[in-house]
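Next come the chains, spelled out residue by residue.
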Amino acid sequence: MTMMTNTMGLILSGWKKPALKDLSYKRSVSAIPFGGKYRAIDFILSNMVNSGIKNVGVLTQYSSRSLMDHLGSGKEWDLDRRYDGLFIFPPTVSDEESGWYKGSADAMYHNLSFLKRSNEEYVVIAQGNGIFKMQMGDMLQYHIDKNADITLAYRRMYDYTAEELSGLGIIRIDEDSRITDLQEKPLNPQSDLASIGVYMLRRTLLISLIEECIAHGNYDFVKDIMIRKLDRLNIYGYEFRGYWRSISSVRNYYRCSMEVLDPEIREELFIRNGKIYTKVKDEAPAKYNEEAEVTNSIVADGCFIEGTVENSVLFRGVTVAKGAVVRNSIIMQGSVIEPDAVVEYAILDKNVVLTRGKYLKGDTDYPVVVSKNSRV
Amino acid sequence: MVKKEIIALLLAGGQGSRLGVLTKKSAKPAVLFGGKYRIIDFSLSNCANSGIDTVGVLTQYQPLKLNNHIGIGKPWDMDRMHGGVTILSPFMKEDSGEWYKGTANAISQNIDFVNKQAPKYVIILSGDHIYKMNYSDMLAFHRKNNAEATISVINVSYEEASRYGIMSTDEQGRIYEFQEKPENPKSTLASMGVYIFTWEILREYLIRDDQREDSDHDFGKDIIPAMLADGRRMFAYRFNGYWKDVGTIQAYWEANMDLVKRVPEFNLYDPEWKIYTPNPVKPPHYVAPGGSVKTSVVAEGCMIYGNVRNSVLFPGVFVEKDALIENSIVMSNSHIGEGSVLDHCIIGENVRVGKNVRIGFGDDVPNTDKPGIYSSGITVVGEGAEIPDETVMGKNVMIDMYAGAEDFCCKTVPSGASVYKGGECE
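Note that the protein sequences, when read in sequence, are chains G and A.
The first sequence finishes on residue 376 if you use our numbering, and the numbering steps up by one all the way, no holes.
The second sequence finishes on residue 426 if you use our numbering, and the numbering steps up by one all the way, no holes.
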């Protein structure tokens, strides 16, 4: 694999996803807790670091506080460096700057000085809400071999319905893998090849494309740069064959969380080809008491289990008391399921208390979401 | 530089030879404990939680794992601009160099280190015990008494007392007599090996002790008696919490098993007094359909397809289907094969137990080679060993580090036997 010491990373993390409802209330979608101890952004950040990238900028917009708290100085990703490392760019207001970013290209434009003063030859741009494991060096090699101006990673979404496809960016490619069409969230998807939101190009090209885009009064990287330049630039598709999901709605968050119970997928995401790093919490190992009945579930450190847990994900420090049942659910950090309470097909955000004897049930397609710090 | 009021010196050089194969290649303070920790984490976390941010760790025996574990002290928040954690190993001097000859000599060889920090007090700790203690309360006690030495003590039973240094005190807690491992103890207040000294006084005694040929250069045997003989102000500080010396296989196993009880006497989950250690980069653990865990402590990265009862699993342990682990401790990244049954054993790191292996079944006869170490019915498998499929092992068996299939002479290892790496079959 090509190590990408000559590449910098840009992570776009800030856009609000109304379909995530309460889960993204007061948190950026990239900061959504996932997989028992992670947040969504850990995946792309770890992918970049595992691929040898040492200079990463995170462009945030909406409710970036939990994200900034999570990322800190970047030390968990080995990005607390004397030179380069991790840079977080929330919107700022000054004489020239107007505050909120209008779109992804606008966000990059407002931080153009970061791109200009970096000296890596290539930039990889990615989204903060993708759950996947990718060796990005392979994509860089492909980009170089194809002599491409821009390379976009795509995945054949054989495991998505047409309805789900229409929430993605759908591409068509010719026999040489050159992208001939790119439609953002099309009503009638023309193929099952979806962009996974990872782009690779030369840093100097990116700077000139952004300057041109903003000069024309535009602000979106996909609509105003990628789609408009399909004919004029060599834009190639790079097929990514691994597992990939983009967290964008309660439904796909739930589905993706449940898919991670599959040992194959977990092996791919967490064990093979590099680790996934996250902010550490100093929790003791999980404790099981006599009455614990746990099956097909992920359990993080600091959990305390005296009840029944089936097909579920327990984040750090969750308590499942005696007689309580957790089934097909995702229970986030610090939540408590009191004695004899039952929860099925639900997503409990952080520090929720399901009180004694309560019964809470959703549906696979419509899991119940209980927002942070609620007492039910 | 801000002057430190108190710094800690942590004696971590001991071998802990009664832990057998567990300390063959690591100092006792570096032995894994409680599903995630190493023994030294408890003392280091006590320092961090007591506001002591300068710690010298004195190492001597097999320090590799310990050095690696402590690093620059990040988990304990001791990666500091001033102070922090410093590993103090024996070093060459201008005209000679020597090993630490005793606990006191270890400190006296590092007088320069302490002087540089110029603390008013030093606290001497050993990295051998499992306990939570607020050293700042003890320091307040030391100051209040205007003491020159304060020794932390715990009440033990009369039978146990002869294993410890025993204090006799007056009503105010002032020590008037000290007996090191006495046959006929005059009290049951045992020294926990935690001392606070006023540094100037201690330094004087260290220098004096160093020049004595007949000294063992030991705190318990030499320094404390000498100070007592001089009528120094020495007080005993009573500690009432959980405190365990995990110096033997039996004690080590018991202290781990204490953690799996319904309400453990020793609470690892106290948010006010966390125990810190480097966190492994592993996903949460997974219990598969068909797997089952009860009355156990399980760390991150474990994959459980079999059954776990009354046991402690460290990070990354893989338990295949139909395996049963009972009353056992399984250390990091070990693999327990399909259908294997383990009872009362300690499995070191990176051990591979094959399929349908049975460990811990048979008569409780002490180990033939080392009866003093393996005699409590517990079988111990050293780090990196590979146990071939279908092997049946008894109690008090010792399997050497990195012993492989070629070292097993037959499918049966009777109680009390040992299997050595590169050992000869009869």
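Simulated from the structure, these hints should not be mistaken for laboratory data.
Treat the hints with care, since some could be wrong.
[As the list claims (entries may be wrong)] Below, simulated DSS-like cross-link-like pairs (lysine-lysine); rule was C-alpha separation at most 25 Å, straight line:
no., chain 1, residue 1, chain 2, residue 2
1, A, LYS74, G, LYS54
2, A, LYS321, G, LYS279
3, G, LYS21, G, LYS275
4, G, LYS275, A, LYS181
5, A, LYS321, A, LYS282
6, G, LYS361, G, LYS54
Please read these numbers as outputs of a predicted model, since none were measured by experiment.
Here's how the hints hold up against the structure:
no. : hint                 : result
1   : A:LYS74 to G:LYS54   : 21 Å, holds
2   : A:LYS321 to G:LYS279 : 32 Å, violated
3   : G:LYS21 to G:LYS275  : 30 Å, violated
4   : G:LYS275 to A:LYS181 : 50 Å, violated
5   : A:LYS321 to A:LYS282 : 21 Å, holds
6   : G:LYS361 to G:LYS54  : 45 Å, violated
Checked against the numbered hints listed earlier, the structure breaks hints 2, 3, 4 and 6; every other hint is satisfied.
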